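Trainee: Residues per chain are reported as follows:
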Amino acid sequence: MMVTKLRLITQHVMFFALTYGGRFGIRFGHSLPCFSCPYVSGCGGSCYLMALQGNWWGLQMSTTDMMTAMGLESLAHLGIFILLVILLNKFWCGWICPFGVVQDWLTYLRRRLAIHEAQFRWLTRDRLKTVKWILLAYLLIVPLLIAHAGGHYDLHLPFCRSICPAKPLMPLFVGNVRHLALDFTNAVTLLFTILSVTIAGGMLVGMFFKERFFCLFCPMLVLIHIFRKISPVRFEKNVDGCIGCGNCQRMCPMDIRAVHEQKTDKNVLSVDCLLCMNCTEACPGDEVLSIRFFKWRLFASSRNYVARRFAQRQRLS
Amino acid sequence: MICRNLTWAALFGIGIFASAYGLVFRTAVAGTECPAYIWIDCGERIREKNGSLTQRYHIRSSGDTLPDCTHGSDFQAFYRFFRRSSSSKKPYRFDRAFPKAGYFQAVITRDNGELCLDINSRTDTRIELYVFGTCGRKKLLAHISHYLFGKASHSDETRTRGPVMQLPADLPRLCLHPSCRNYYMQTGQTYRFNYSGKDATAKTMSILENHKHLADVARSPSGIFEYTPPHDPQLDRAGPHAFKETVALVETTTSGWDYATTYTLLLNRSYLGHLRSLPGLILFGVTILTFVVGVGCKRRPGRK
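Protein sequence lines, in the order shown, are assigned to chains A and B. With the first letter of the first sequence counted as 1, position 255 gets the number 255 in this note's numbering; the numbers rise by one all the way through. With the first letter of the second sequence counted as 1, position 102 gets the number 102 in this note's numbering; the numbers rise by one all the way through.
Extracted from the complex, chain A is given alone in its bound form:
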């Protein structure tokens, strides 16, 4: 239970630091690789997706601005983002992301209410995988169109303002319902707010019935995954020791089959993996699955750990 508890504590500390930290002078900057929503007033740090799309540090910067010191600043923000991604990689998703914590709370609530989790067909799951790439393309292309092809300025921050469910939902934690309002300024703002509210409603239901439902569509996962090969964080599988029990797949909140099915490759960190370590905790093979940081082993599966965990659960029940 040690890893689960440590993860829960880390998640909750980071949730409060990132959601309310700004009120206590905590600022982690604008380059965080997790859904720490800048629309939350008094937040302790901002998701890099907003900076990436924006006109101060992002793709929407005009060519003349790019040639100035602002261009260098935007590169500095990108540099910090890449550094953070390389350093912690998918730990941002499984251990830090505040929106992930909200999803875990909904899952906890569903379990307490004894409602079964909804399951997708594998075909549907495979099709859904492409959505996050489409969203990434959307949030990269629209700002470029605004900056260089005369796109209407009301289309700015396209992902944050029309798709991201964190924008209307996360400000609720500071008592702000303004982002659930419809904006009748013009047709574009109305369309964006209708989309945003509808998607937020749909996602809320999805997150309740399916564990980490939004992570299936999260473009940040894709951005983080790009740097997996140069990251010191490794998720490795000792293929020879695997008995093929399938515990890893059953315990995975993202229903990843790759870890179970991998027969040759040592690194099993897939694009959907959140590094929550549920699979490693559930694996009964000694050192079959292990999480490493450079050469240091952070955690590895073991028969004893599974047995202790099972006994502990028995006692509790």
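Honestly, the hints are just simulated from the structure, not real lab data. Wrong hints could be hidden among the right ones.
Under the rule of at most 20 Å between Cα atoms (straight-line distance), these lysine to any residue pairs were calculated in the SDA-like manner [what the hints assert, rightly or not]:
#1 B/Lys49 / A/Asn55
#2 B/Lys151 / B/Glu44
#3 A/Lys263 / A/Trp296
#4 B/Lys298 / A/Ala118
#5 A/Lys295 / A/Pro232
#6 B/Lys244 / A/His152
#7 B/Lys49 / A/Trp56
#8 B/Lys298 / A/Leu72
#9 B/Lys298 / A/Arg110
#10 B/Lys49 / A/Ala69
#11 B/Lys49 / A/Tyr153
#12 B/Lys151 / B/Arg173
#13 B/Lys151 / A/Leu123
#14 B/Lys151 / A/Arg292
#15 B/Lys151 / A/Glu117
#16 B/Lys49 / A/Asp154
#17 B/Lys298 / A/Leu123
#18 B/Lys49 / A/Ala147
#19 A/Lys263 / A/Phe294
#20 B/Lys298 / A/Lys5
#21 A/Lys229 / A/Arg292
#22 B/Lys138 / B/Met185
#23 B/Lys244 / A/Asp154
#24 A/Lys266 / A/Gly241
#25 A/Lys5 / A/Ser317
#26 B/Lys151 / A/His77
#27 B/Lys244 / A/Pro284
#28 B/Lys298 / A/Tyr153
#29 B/Lys298 / A/Arg127
#30 B/Lys49 / A/Thr64
#31 B/Lys151 / A/Met67
#32 B/Lys151 / A/Asn55
#33 B/Lys151 / A/Ala118
#34 B/Lys203 / B/Glu226
#35 B/Lys49 / B/Ser153
#36 A/Lys295 / A/Val233
#37 B/Lys298 / A/His116
#38 B/Lys49 / A/Gly71
#39 B/Lys49 / A/Gly241
#40 B/Lys298 / A/Gln119
Values in this document were obtained by computation on a predicted structure and should not be read as measured data.
Position chain B relative to chain A; hints supplied.
Mentor: Here is chain B on its own, set in the frame of chain A:
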């Protein structure tokens, strides 16, 4: 014959001289004609290589022309910057830009017949700019205050701001109440002005847009002019950074002097004025209900 020719030549010469003199005289007279008021118009913004922002301001007048500042009347411009937030405890990198008291003088130039001035901002600050001049028995004052979002990476040593000076004490000013000094002034928001002139009898403030008189605002018993600019559909369609200029004007006469004081409001569209919570919450509720019913009907039961 020669005499007649000489006479004609002399008359012709006198004629030419008279017309030339008349033209010059008329121009001189036209050049010193006083406009009813002047106001400051925001022009082009240029992002400098070091990231700072140079804003061009045009000095416009109620008439077709403005008296040349080198002939007849003297126009002067003063400005100062304010920190973005008074609560900020950070020491500022460019302290010269923030004199504790007083103003820098800006150089007014003539470009294509228009009086204009350029002001450079290295950080995101609020600028307060005054232009004033005397023309005959008339004192003209224009004022603008808004935010400039400079983001200089380093100080540009070649650009100097000149000595710190004080504004003439007797200038009647239209001061915007501090609570109304937002990053972006918006339509639909109430702006309160205090007229600090010697003449407290100024009863109305005129609102002008593109030289057109829009409204007259009466002074409240507490001495405040309150104006709420209406929403502008054209501005709403134009995008969040588009703005329009609305000029507040107060004219008074005191001790034989005519005073015309203007304040230029740079109005963006309203950011919150068009938000409707109820339809949004209804849509949110209906979506949740629809999805719950949909998932409830279609889902395949799985693990707990």
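Trainee: Hints broken by the structure, by number, lowest first?
Mentor: As far as the earlier hints go, 3, 8, 11, 12, 13, 14, 15, 16, 19, 20, 22, 27, 28, 33, 39 are violated by this structure, in ascending order.
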